[in-house]
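K.L.:
Here is how the chains run, residue by residue.
2 protein chains.
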Amino acid sequence: MLAISEFDLIKDYFNKSGLIPTTEQSARIPLGIGDDCAVIDLPPERLLAVSMDTLVADVHFPAKADSGLIAQRALAVNLSDLAAMGAEPLAFTLALSLPKVEEAWLQGFSLGLEQMIQKYRCPLIGGDITKGPLSITIQVHGLLERGKILRRDSARPGELVYVSGELGAAGLAVSLLGNGMSLDKPDTKELHSAYYQPVPRVILGQSIAGIASAAIDISDGLMADLGHIAEQSGVGIVLNAKAIPISKAVKNFMGAMGDKSKGLNLALTAGDEYELALTVAEDQQEELQQKAAEINVPLTLIGRVVKGSRVKCLDSDGREIDIKNSGYRHFS
Amino acid sequence: MLAISEFDLIKDYFNKSGLIPTTEQSARIPLGIGDDCAVIDLPPERLLAVSMDTLVADVHFPAKADSGLIAQRALAVNLSDLAAMGAEPLAFTLALSLPKVEEAWLQGFSLGLEQMIQKYRCPLIGGDITKGPLSITIQVHGLLERGKILRRDSARPGELVYVSGELGAAGLAVSLLGNGMSLDKPDTKELHSAYYQPVPRVILGQSIAGIASAAIDISDGLMADLGHIAEQSGVGIVLNAKAIPISKAVKNFMGAMGDKSKGLNLALTAGDEYELALTVAEDQQEELQQKAAEINVPLTLIGRVVKGSRVKCLDSDGREIDIKNSGYRHFS
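Heads up: the protein sequence lines correspond to chains A and W, in order. Its first residue numbered 1, the first sequence is counted upward by one per residue in full-length UniProt numbering. Its first residue numbered 1, the second sequence is counted upward by one per residue in full-length UniProt numbering.
Rather than coming from a laboratory, the hints here were simulated on the basis of the structure. Do not take every clue at face value.
[As the list claims (entries may be wrong)] Here are the simulated DSS-like pairs of lysine-lysine, each with C-alpha atoms no more than 30 Å apart in a straight line:
1. K100/W - K64/A
2. K100/W - K100/A
3. K131/W - K64/A
4. K131/A - K64/W
5. K131/W - K131/A
6. K148/A - K16/W
7. K324/W - K131/A
8. K307/W - K11/A
9. K148/A - K11/W
Treat the numbers as computed from the prediction; the structure is a model and nothing was measured.
Model the full assembly from the supplied sequences, consistent with the hints where possible.
P.N.:
If you want it as structure tokens, here you go:
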């Protein structure tokens, strides 16, 4: 059998036009794949945001899933972290562990990456391919404007809490996959894309940088991630249960299962959502809504920042709702 | 059983003094662990070098090895890539996959990292901890001076070829480990450190940036990595077998095994070495040697860049030596 080296794999599947920096991008990336390091030339007035996420087969995605979808999901969850800082995507690196070399798998994976790279203008600049259990680690790099960084530690009492999009579909998908169900039926199409092709809120993040006071992507679940803002900002947060935007697919499915709250718990606690939760001062509210409308991203007012330290969700009678779990726990 | 979240692990083992940026370093790292992204503030006259390497258990290290040594090796092999570009270490990110949470393992790992961080002044600024087969991906970030970048594609015919240190010890260690032998005996001490605690040539790289014409770290083996310089520079390279610096431990061991060339093949082809190979114009030779002497790093003249495309090693009669393999092949 022919031995295939890492260098051949890189040349055949990753160091090719469509994945690597364009001529225009190469001013910022003077050196990409092929040397000991890649080189980034940062514009002097900008800061660099970096974030790294790993997706392990059968932990973060089914090992048998389509490799193009795995690639898209892997890049999307990382781009979501750039979005949550208000950063503009610049480039990414990829560490890929593969049990063996399968041409069709690699073709699909590289095509999935290419679609994301073209869409988000975020080329591949380097990484590593190793033999090992299937696992994908990506580090994204983005550009930040000084003074316009969406941090977690800057929410203040009296501010309003917003969330983008509708919640619960990815969480429901995870739950169905976990029970051995397929997502390939027509009526689970929305769940399938919510899980495999989450849309990172990259444009929203950049639009609200300098307007929102704090932001986070809710990949660990809305309550858990608002908990991070609360903890790091030293505040409490009160949510209005009625206002939580629950995905229609989730309402339908949970309704059919006899869930009276029709997915509220799922929307509050399920991980794998890549919407942004953010806080904003009242006098910035109008500008925030205008920006969101301009880029056509739904943004819902769901609560308020208060003095205190906890995140609570209240029903229409002002009673605290008992939450069944508090987000994804990584080593439970 | 108590569920331990990723956040607890980060707080207990990784987001603590000794690992994260010092007050002095925080000017360049305005935001480290704890938000969606870390933030790097690059000095305007510098470029950023980035490199990413993965170490998979039982592929790149024995799964049962001491976790402090695993940590040291993981960071060293990445720092070596910065060295090979002439970059000054700035900070690193870490993606750690763990099958389960073991306190003693994590204590050792975090201590191993701390020792490297202190020595190379390269703090931890972020990353990811996931449940999965044991695997460590690190991305290092370093600072480059414009015009002083050690690339692979800039060697020219007529230049001289040098290598730092002595070769073969890590390769022999890999070979013994692969045959189920232990490296914990007194007479394998040198092999043990060559494998687990390779010394990245960080100071050498920075010293010769602007003097050497091309450089590479020889983690895939001397011949294979010089092959990358040859290919990317469009040149040939001729090595002098007699001049190759072979480690004493390797000479002794191979001599005892009846190897007449006493480890030459190992020194030419074994991977896992983290010395630097470099090319230099003749009129820069003196300055190069002076720099190496100043920082007390042995540097040996081993060959010459020629017109052509191949890397050859010649014996004292000028005959080409037949090489048994050409370095580590990642998917053989």
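K.L.:
None of the hints should be skipped; say for each whether it holds.
P.N.:
Hints, one by one, checked against the model:
Under the criterion of a C-alpha separation no larger than 30 Å, the hint pairing K100/W with K64/A is consistent with the structure, at around 23 Å. Note on K100/W and K100/A: the hinted pairing holds, with a Cα-Cα distance of about 25 Å set against a maximum of 30 Å. At most 30 Å may separate the alpha-carbon atoms for a hinted pair to count; K131/W and K64/A meet this at roughly 18 Å. A threshold of 30 Å between alpha carbons decides the hint, and for K131/A with K64/W the separation of about 18 Å falls inside it, so the pair holds.
The hinted pair formed by K131/W and K131/A meets the criterion: a straight-line CA distance of about 18 Å does not exceed 30 Å. For the suggested pair K148/A and K16/W, the alpha carbons sit about 27 Å apart, so the restraint of at most 30 Å is met. For the proposed pair K324/W and K131/A, the alpha carbon gap of about 23 Å is at most 30 Å, so the pair holds. For the hint pairing K307/W with K11/A, the CA-to-CA distance comes to about 25 Å; that is within 30 Å, so the pair holds.
Distance check on the hinted pair: K148/A and K11/W sit about 27 Å apart at the alpha-carbon level, within 30 Å; holds.
Of the numbered hints stated above, none is contradicted by the structure.
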